[in-house]
Each structure stands twice: as structure tokens, then as C-alpha cells.
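Q: For the protein sequence lines, the chains are A and B, in the order given.
Sequential numbering of the first sequence, starting at 1, is according to this note's numbering.
Sequential numbering of the second sequence, starting at 1001, is according to this note's numbering.
It cannot be assumed that every hint is accurate.
What the hints assert, rightly or not - What follows is a set of in silico ranges between Cβ atoms, one per label pair, in the way DEER data are often shown:
#1 B:Pro1016 x A:Lys283: 45 to 55 Å
#2 A:Gly121 x B:Lys1153: 41 to 51 Å
#3 B:Glu1162 x A:Gly121: 52 to 62 Å
#4 A:Asp822 x B:Glu1015: 50 to 60 Å
#5 A:Gly121 x B:Met1001: 37 to 47 Å
#6 B:Ala1088 x A:Asn148: 46 to 56 Å
#7 A:Asn371 x B:Ala1087: 35 to 45 Å
#8 B:Pro1160 x A:Gly121: 52 to 62 Å
#9 A:Gly153 x B:His1029: 53 to 63 Å
#10 A:Gly121 x B:Val1271: 48 to 58 Å
#11 A:Ser425 x B:Glu1093: 36 to 46 Å
#12 B:Val1271 x A:Asn148: 26 to 36 Å
#13 B:Asp1279 x A:Asn840: 30 to 40 Å
#14 B:Phe1150 x A:Val130: 21 to 31 Å
Stated by the list, open to error - Covered stretches of chain A, as calculated for chain B (at least 3 residues, CB under 8 Å):
#15 268–277
#16 311–325
#17 329–341
#18 741–748
Since the hints were derived computationally from the structure, they do not count as laboratory data.
In this text, a Cβ means the ideal position worked out from N, Cα and C, and glycines have one as well.
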Amino acid sequence: MAFRADTRDAVLPGGVYQPAPGVWDEMSFASGVLRPHWQGFVSGLSDLGTEELGRRWKTARQRIHENGVTYNVYGDPLGMDRPWNLDAIPLLIPPDEWATIEAGVIQRATLLNQILADVYGPQQLLRSGVLPASLVFGNSSFWRPCHNLKVAGDTYLHMLAVDLTRSVDGQWWVLADRTQAPSGAGYALENRIVLAETFSDLFRESNVQRLASFFRAFRDQLIALAPSRRANPRVVLLTPGPLNETYFEHSYLARYLGFTLAQGADLTVRDARVFLKTLEGLKPVDVILRRVDDGFCDPIELRSDSFLGVAGLVEAVRAGNVAVANALGSGLVETPAIMPFLPGLSERLLGERLKLPSVATWWCGQPAALNYVRENLNYLVIKPSFRSSRMEPVFGGELSAAQRDLLINRIEQRPYDYTGQELVSLSAAPVWSENSLSPRRVVLRVFLAASGNSWVVMPGGLARVSPSIDTPVVSMQRGGGSKDTWVLSDRPVDNFSLQVSRDLPVPLNRGVNSDLPSRAVDFLFWLGRYSERCEHLARMLRCMLGRLTRDSATVGSSEWDSLLAFHGCLETLNSRLVSDDPQGRLELAPLDLAEDFGQELLSLIFEEQRHDSLHGNLNRASISAAQVRDRLSSDMLRVVSQLNGLARTDNESAWGYLPTGDAISVLNRCIGTLASLRGIELENITRGPGWHFLSLGRRIERSVLLVRLFRSIIVPITPHTWPMLEMLLDVADSAMTYRSRYFTHLQAAPVLDLLMNDELNPRSLAFQINDLSAHCRFLSNSQAGAEWPFAKQHRLEEAAAKLFDADVATLCQPGRRVQLDDLLAALDAALPAFSDALTNTYFSHAELERAT
Amino acid sequence: MLYRVRHETRYDYEEPVSISHHILRLTPHGTDHTHIDISPRPPALASHTDYFGNTVTSFNLLEPHSRMVVVATSEVEVTPPAEPILAASPAWETVRDNVAFEACQYVFDSLRAGARPQFAEYALTSFTPRRPVLEAARDLTRRIFEDFRFDSKASEVSTPVETTFEKRRGVCQDFSHLQIACLRSLGLPARYVSGYLRTLPPPGKPRLAGADASHAWCSVWSPDTGWVDFDPTNNCIPSDSHITVAWGRDYGDVSPVYGVLLGGADHTLDVGVDVIPLDS
Chain A
1 MAFRADTRDA
11 VLPGGVYQPA
21 PGVWDEMSFA
31 SGVLRPHWQG
41 FVSGLSDLGT
51 EELGRRWKTA
61 RQRIHENGVT
71 YNVYGDPLGM
81 DRPWNLDAIP
91 LLIPPDEWAT
101 IEAGVIQRAT
111 LLNQILADVY
121 GPQQLLRSGV
131 LPASLVFGNS
141 SFWRPCHNLK
151 VAGDTYLHML
161 AVDLTRSVDG
171 QWWVLADRTQ
181 APSGAGYALE
191 NRIVLAETFS
201 DLFRESNVQR
211 LASFFRAFRD
221 QLIALAPSRR
231 ANPRVVLLTP
241 GPLNETYFEH
251 SYLARYLGFT
261 LAQGADLTVR
271 DARVFLKTLE
281 GLKPVDVILR
291 RVDDGFCDPI
301 ELRSDSFLGV
311 AGLVEAVRAG
321 NVAVANALGS
331 GLVETPAIMP
341 FLPGLSERLL
351 GERLKLPSVA
361 TWWCGQPAAL
371 NYVRENLNYL
381 VIKPSFRSSR
391 MEPVFGGELS
401 AAQRDLLINR
411 IEQRPYDYTG
421 QELVSLSAAP
431 VWSENSLSPR
441 RVVLRVFLAA
451 SGNSWVVMPG
461 GLARVSPSID
471 TPVVSMQRGG
481 GSKDTWVLSD
491 RPVDNFSLQV
501 SRDLPVPLNR
511 GVNSDLPSRA
521 VDFLFWLGRY
531 SERCEHLARM
541 LRCMLGRLTR
551 DSATVGSSEW
561 DSLLAFHGCL
571 ETLNSRLVSD
581 DPQGRLELAP
591 LDLAEDFGQE
601 LLSLIFEEQR
611 HDSLHGNLNR
621 ASISAAQVRD
631 RLSSDMLRVV
641 SQLNGLARTD
651 NESAWGYLPT
661 GDAISVLNRC
671 IGTLASLRGI
681 ELENITRGPG
691 WHFLSLGRRI
701 ERSVLLVRLF
711 RSIIVPITPH
721 TWPMLEMLLD
731 VADSAMTYRS
741 RYFTHLQAAP
751 VLDLLMNDEL
761 NPRSLAFQIN
771 DLSAHCRFLS
781 NSQAGAEWPF
791 AKQHRLEEAA
801 AKLFDADVAT
811 LCQPGRRVQL
821 DDLLAALDAA
831 LPAFSDALTN
841 TYFSHAELER
851 AT
Chain B
1001 MLYRVRHETR
1011 YDYEEPVSIS
1021 HHILRLTPHG
1031 TDHTHIDISP
1041 RPPALASHTD
1051 YFGNTVTSFN
1061 LLEPHSRMVV
1071 VATSEVEVTP
1081 PAEPILAASP
1091 AWETVRDNVA
1101 FEACQYVFDS
1111 LRAGARPQFA
1121 EYALTSFTPR
1131 RPVLEAARDL
1141 TRRIFEDFRF
1151 DSKASEVSTP
1161 VETTFEKRRG
1171 VCQDFSHLQI
1181 ACLRSLGLPA
1191 RYVSGYLRTL
1201 PPPGKPRLAG
1211 ADASHAWCSV
1221 WSPDTGWVDF
1231 DPTNNCIPSD
1241 SHITVAWGRD
1251 YGDVSPVYGV
1261 LLGGADHTLD
1271 VGVDVIPLDS
């Protein structure tokens, strides 16, 4: 039924809204009239108008992209770092209805927690049969090593999420519980920040409850878990790493809550205590907020094939030296098979009726339920009872007769492995799409945090919408979107924000972030090396592309042979050049040779699969940055989020047809972006060990690249390949300086003097080595310097000193270049040796442990 | 029968191991006298009882080492259980339909011993309708002994029980997993038992040091008697020659030495077991 926003002239942005028939619509009654709690918001939206809403939302999406809010989709080659899909229209919930939800989920959290406490403790529920023992013993999420583990205050769940929807009659139902490491709270927070900024006026007027106090309670709860009585307990957020679907959220929450983001390899257990491996040695860890699933947390006592956890963690928990939130083993009650038992368990454990019903569920482990499922398969969705099964939910109604029989047969073989659930018709909410409002299915994820002996509920949540109104399932993995949730208040709202706390005096601290995991430093070091490599490659390619189109670069000319030789300096292993293929050379006409060379250069820019391409190296820089994203400022994040897109054409496959001018523009943009990254590094990062290692990575890389260019250009240069000198100046960005000093007299010695020995030229080798020594001085004198590889550093500096002491003019004489090459070779060997020594000293213990 | 058992495990690593974490299940049931000697010496040993009731010792080594030796020495008294009257046990269907709480967890699949239709079919030859559960289990033990050939080259630690079933050969671990999988395929609780077997030297020859080995068998639950052991490798009901160290759902729950290492590359493993009767 269509309607207009209200009887006065206000028109809904985009015009008419068409609620879906036979579905509860969150915004409008079936009659088409707005529900009362939407009227204020809709009228505000109408005041904005379609055009303004469209404009604001475009800006908002841009900001989501720049903030690097992403969600990874498994098994999708383009799925890594997919931009977060947020809808412009929040889901509104009125205060009285929220109170019902709040009470319902608090009761549910209490109940689930008590079930866990019993199953991992005295097991009275199992002995008495109130909870079928087979529901636990047949469940691969029941982790026996976690039985009788120490759990402070018997609180197993510190954060949990409950997925809710409503049926046609407006009743809220629980679809699923997420109890081990629920995701989404961080996304909900980011959604809120974006929406509150985009509709700042509307947000202020709507009296929306704020989220910050929820996170404050959560943080306080985690800090209070610390078993030791140290003044500043160390809390880490354990993440599976950047490949995880919600890694963005892990780094975002770690930053927001002020915890160190750690991967399994950053932690180590010694003598039943957990430590963080930092640049300055091992630091004790008191509390682990984990986003790693139960089974993956400890390869010794849990899943032996896991590389994500920490060997010995269970033993450390058993010894009472570390607290893990949620408690290990908490995933047990995520099984849908437990839902039919919750009403009875609630009566027994709490003496209360279950306030918020679960969607009707039948666990086939019970004969009566199995019968029901068999009879009513058409109206049910069949799910695996336990997580270990790789089975996807099956909709009974979509099966052929043969498939039906097959499924029933499978269920009868192992009934307890299957659970049937009623197909709920999810409610709908309006989304802003293609400049109008249209309904989509919606599921609301509500979050609770333990607080002392009770729970706080995040007043809001992550609403997720289906890609179309006809899709009966809502899943971010399957391309759904998300919404902010506004819980309205009839009282003035609490304005507390976690990001600025004005009341508390903060003790002054000059210490540069001392909890820098070694692994993070490793990636900073490689971010430095890769971004330097990218810039070098971009400059080399730009230089060659620019010359390729010159008239003088005809095949066989001095210019042409210099180009080929210059390309040879890239030491590319995957050259696509026909001329690099001994069989192919003679068959190509000169024009084809030039064409072939052009294609090779484009391939070196764009071909992602090529290990030696610019695209490949930008990806590596981007992956290194992703590993340390919790340590980068938002400005820096904005720049690094552009890296992996820099060497892409609009039409991914058509790079081979790109005009040279366009390719040069791509390279120019790339060089510009890399320069702004360097600028931020220089001007906006505190000079801590992380920055020094990042800069050290750059200096080492640039030195290596320069030394190799000198060896392959200056040492073998002949009058025929003289144009290479000019290219060398170009790549080292020193052509201007050279010209101002020597006009156009191009000679090997002055070029080498400018690029190798001139300490004032920031592109020279001497400058790199000087700066490298300065970083070494800082680091070896810092707390991290105890095992500094002085010997390798000195060998490098000696090799450099010998090189700089020699007379350049003499070294460049045609007969004496062997000596030049010897001196360069010594440095060429000393640089990687020093880099390896740094890796061995600081980063190697971050390598993976393995099972025997 | 009183025994002294010495169980030595030696790892030689190709490259030094910088850090390692280990857990051991080397303390036999029914003894307080297990001495565990580890080289290099770990800073501390911790011990706890696992979910199945076995004693677990854990430690870590923090100094680089190229060899690790674990020697567990126990004195253990084995009292032979009263010989079960197989024919007096309840019908297997009754046991299947009334599994007691303490045995319940052993009905379900575990990683190495899961129910399969072909196992059920094989087992049903012994488990004829209403046959007493222990009598049927004894018959199954005999059939596995007769139908399968002992062949130490046929399998390794990770050989799946389906392969054992197809190839009709294996070692004690495989036969135990198979018998357990057969029982579970019928809905009966069965568990894996690890331990040692006393071996007798050939007549007139002295006992050779280190000649004994770890052994494995299985155990079936019956309401009247509780757990009753069956040894499909030797076609017998264990008496006082079998020394029990640990039990669980399968080998994965009881592996004697397990570790996670940093470094080490490849390694070679040597195990030597001596079971010495102390009564004459």
C-alpha cells in the first residue's frame, strides 16, 4: 500500500514508499500510515529533500571508504577488504519496546551463562537429564580441556550477541546466539559515527541513546578481570589476523578501547604465564579479549592444527595467571539445538518464564522432534546442530522429492547432528537505494556486556538487511548491508564519549608506545621497504615509458639499446619480452619489438599476478600496512588504503590497450601518493622505535636499489648506452641538480658523485647511509637495543666508507671500473646481511610454532 | 602383579628447537609412583587430571636444544579384574537404549573412531538380536583378530580407520580404533585404552632391554560390570599382563608425548619400553 509521508506537504525523499505485503514493516503500518516513533525522523528527512539526502550520503560513503571500513568475504578473489555496506536510514526502536528487548536479552544472557557454568563445572543439568547429555557430548564445541578451568565469578560470557527479528504480528524472536567471540559491536559503533555525522541535526533532535557508556562498561569489566593486582593490567585483543572477515573491527576496537592488538604469534606462554613479544622483550599479559574461536586458541590442548592461538594458553588459564574473555569453551551454547530446552532451563535455573522466545526449533536428537521434522520438512530450514559440520542450511521447501528422501535418510543416520527451525518471515525496514526508499528484510544484532554481576545492553546494535526483499536470509557474507540502530529515549541522553574523557586527570607520559609487538615492527620495516621499492619501480617505468615514444628510440639505436639495458636493471624474473626468449627474437619485425616492449612495461605496472610488478609490490605494501593498521593514524590509513588500487585500470583486463599517456598518469598518481605517505611519516609520527624501523626499512631498500643501479649502469657503461646516465638521473630525481651544476655535459663521474657521494642530496647513497646510521644509533641506544647486531652494522658502514673514500673520477675510468664494482659488491652484500640480522634479532621469534 | 615400567622417549631434532611446549600422559592408572625425568631439565612441571581421569604432566623448554629425552619410571600393581561372565551381560540393544551418564560421551564419533554403515554391517555378524553385549563384543574381538593381519608397515599414527578396514591389516592402535568404531556404529559406548603389555622372552633367552612396546586395546561398557577391556590384537580379555596408562575416545585423547615447537625442522623419534615384573 502506497502512502505519502504525512498529510501536510512533507514529501518522503524519493517519493513513494511501498511496504512489502504480509510482512511487519518497521516504519509503517499495513495501512501505510507511519508508526508514531518514525514521524519525527521522517519529517526531518523530508525537510532535507531527495537531493540533499543523496548528496550527504555520497559524502558519507566516501568517508567509509577513506576510513578503510571493510569486511572480508571468504572465497571471493575480490572479496578482501570489501568496503563496508551501510544504509543511510537507521532502524528506529521506541523506548518501551527497547525495555522489553533489554529485559529479554539480559535474562537470556544470564541463562546461557549459567548453562555454561554447569556444563563446564558440576554438570548437574546433564546428570538429571534436563539438558540431554548427548547435546553436549556429541557437540564438537564442547571442549573437554576447558572443564573445571578457572573462570572468575563464573562469568563465562563477557560479551555476547543475540540476533533478533520480528514476525508479522510484531513479536520479537531470537534467531541465534553468538557466545564465543561475537562480531559486530565495532561496526555498530562505526555505523553510528558515520550516521551521526551525516545527519548531525536530525540525530541531535531525535534523542538517540548513546553507545559510549556501553563500551566503557565493557572496558572496565575486562580490566577488572586481571588476575594480578598490578596497577596497569595489560589487556590484549587476540585477532586471527588480516584475513579474518572482521579484521577491520578488531583493529578498530583495539584502538577504541585502548588495548594492544595481538595475533597468536605475538604471544607466548612461559611457565604458565602469557607474554606479549615486544621489541623491548616479553611483557606480561593479564587479560585476553579474544576474537579467535575456542578450538583455535591453543594447539596443545585444543585443535592441534591451529596456527592462530597460543601454545599453552589453556595451561596458563588453568594456573589462574590469565583471564580469557569470553571464557574458553563458551561457543558450546551457540548451537541452535539448545533452543528447545531454554524455556525449561529458564524455569529450573532462574525460576522465571523465558521472556524472549526463540524461533521454534526441533533438535532431531529427540525422537518426537525427529518425527516432527520428518513430517514438516517443507516448512523448515534444516541446520547442522554443531559447528564442526560444514553443512549449509537447507530449506526443506526447495527440495525435490529425491533430495528430500536423501536428506531424511541422512538425518535418520545421525539425528543429533541436525536441527530443524521454523522459517520466520523476517520483518522489513526501509533502505535508501537508487534515490528512493524500499523495504528489505532486517535482522537486529543486540550486544550485551557483563558488568559486575549483571549485564549492560548496548542501546542500539547492528541491523543487517537482505540484498532484496525476496531473500529470506540475511548475511554479510552473502552481500547484505547494515544499518545503524537508533534506540529512542524519552529522557535527555547521556553524552559520554570514550574518545574524550575531560574529567579525569591523565598522568603525563612521554614514553613512546612501549607495547609494540615485534611482529608489528617487522611489518612496519617491510612497509618501509615495499613502499620504497614501489616508488623506485614507478620511477623506472615512467622513465622508460616516456622514452619509448621518442622518435630517437628506434630499434637498434643507442637510445633503444639503452632502454633494453635499463629494463635489464629491473632484474625481472618474469619478463614478458619476446627478446628475452632466445627463440623468439629474430622473428619479430622492429615495429613488433617496440610494441612488445611497450606491453612488457604495461604488464610490469598492472599485472597483479606478476611477482615483480608495481601492482604486486603495492599489494605487498598494502598487506604490510594492514597488519599494523591499529598503529597508523587515520590520515595515514587514508593514504595506505589507496595503495592497492593505484595500479588498477577502470577495466581490469584491458590494461594492454592503455595509451602510454594514461599509463604515465597512473605512475604519476602512484608516485604522488607514495610521496604523501612519506610526508605523513616524516611529519606526523612520533619518533618511537616503530618509526625508526620504518625509516630504516626505507633507507636499506633505497641503498640496495641504488647500489644495484650503479653496478648495472655505471660499471658496464659504453658510449652506445650513454643515454642510461640520463635515465639514472631521472630515476634518482636528480636531473635538475645535475643540470644546474654541469649543464648538459653528461659524464659518468659527476653523475656518480651526485648520486653516490653527495651527502646533501637526499637521493644519494651517502645520504641513505648517514641516515641509516642515525636510526641505528637511536635504536641501539634504546631499550630495544640490548641485542643490536652491531657487527653487521659496522661491516656495512665500513663497506660504505671505503666506497666513499675512493676517488670517484678514478673509479669511473673505463679500465678501473672493476674496482668500483668490487667496492659496490661489498656493500651489496653487507646491506641484506644487516637486514637479515635485524630480522633474526627482532622478528624471528614471531615465526609460527608447529605441532609434532 | 607388581611391575616396574620404564618408558623412554627421545627426540633428535635436525635443527635446534628454541622453545617447546609439551604435555605427557605417562602416569599409569593405579599408581602414585611415577618419576618423570626430562632432559634438558624444564624450569617447572605442572600436573592435572584431564576430563577422562588421566594424569597429565605439562612443561616447557625455553633454552635451545637439539635433543629431548623423557624417561617415565613407574611401579604399578595390576590386580586382575574378576573374569566377567559374558553370557550374563544384558542384551546389546538394552545397553544401546540405556546408556549411563558416565559412558554417554563414548557413544559419539571422535576424530579417529567414527560410526560408518560398513562398520555397523561388519559388527552385526557378532551382534545378533538380543545377544548379551559382552559376549557379542568378545566375538567381535575374535573376528578382528582373525580377519585382520598384524602388519607394522601397513599404517602410521594418522591412518584412518576406514583404510584399516579396507586393507585388512594394521597394528594394535588400528584394531582398537576399528573395534571402537564398530561398537559406536551400533550406538554402543566404547573407549580407547593405552598402556603396556608384558612380553615374555623366547624360552631360554634373557629379556632384552627396551624390547617391550606401548600397547593399545579397547573397552566396552556394560551396566552390570562397568568397563570391560578387550584386546583385538591378541584376541583376549586383558588380565594382569596389561598395564593401563590412559583412556579416552581415541588415540588423540591419550597420546603419551605431545608437543608444539619453535624451530627443530625434522626430527627422529626413538621409543623404548621395559616392563619388568617385580614378583617372582
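Q: The structure should be examined with respect to each hint, and the outcome stated for every one.
A: Structure-based check of each hint:
A hinted range of 45 to 55 Å for the beta carbons of Pro1016 (chain B) and Lys283 (chain A) is inconsistent with their spacing of about 25 Å. Roughly 46 Å separates the CB atoms of Gly121 (chain A) and Lys1153 (chain B), a value that falls within the hinted 41 to 51 Å. At roughly 37 Å, the beta-carbon separation of Glu1162 (chain B) and Gly121 (chain A) lies outside the given 52 to 62 Å, and the hint is violated. Under the hint 50 to 60 Å, the C-beta atoms of Asp822 (chain A) and Glu1015 (chain B), about 34 Å apart, miss the expected range.
Look at Gly121 (chain A) against Met1001 (chain B): about 38 Å separates their beta carbons, and that is inside 37 to 47 Å. Between Ala1088 (chain B) and Asn148 (chain A) the CB atoms are about 37 Å apart, so this pair departs from the stated range of 46 to 56 Å. For Asn371 (chain A) paired with Ala1087 (chain B), a C-beta distance near 36 Å keeps the hint of 35 to 45 Å intact. Judged by the Cβ atoms, the range 52 to 62 Å given for Pro1160 (chain B) and Gly121 (chain A) is violated: they are separated by roughly 35 Å.
Separation of Gly153 (chain A) from His1029 (chain B) is about 35 Å and departs from the stated range, judged on CB atoms against 53 to 63 Å. Evaluation of the 48 to 58 Å hint for Gly121 (chain A) and Val1271 (chain B) yields a failure: the beta carbon distance comes to about 37 Å. In this structure the supplied range 36 to 46 Å holds for Ser425 (chain A) paired with Glu1093 (chain B), their Cβ-Cβ distance being about 44 Å. Separated by about 31 Å at the C-beta atoms, Val1271 (chain B) and Asn148 (chain A) satisfy the suggested range of 26 to 36 Å.
For the pair Asp1279 (chain B) and Asn840 (chain A), the supplied restraint of 30 to 40 Å is violated, since their beta-carbon distance comes to about 57 Å. Taking 21 to 31 Å as the suggested C-beta distance range, the pair Phe1150 (chain B) and Val130 (chain A) does not conform, at roughly 47 Å. Remark: the segment 268–277 of chain A is confirmed as covered by chain B, as 5 of its residues place a Cβ nearer than 8 Å to a Cβ of that chain, reaching the required three. Counting residues of the segment 311–325 of chain A whose beta carbon lies closer than 8 Å to any beta carbon of chain B gives 5, which reaches the threshold of three, so the coverage claim holds.
Restraint check on the segment 329–341 of chain A versus chain B: 0 residues with Cβ-Cβ distances below 8 Å, three needed, restraint violated. Counting residues of the segment 741–748 of chain A whose CB falls under 8 Å from any CB of chain B gives 0; the rule of at least 3 is not met.
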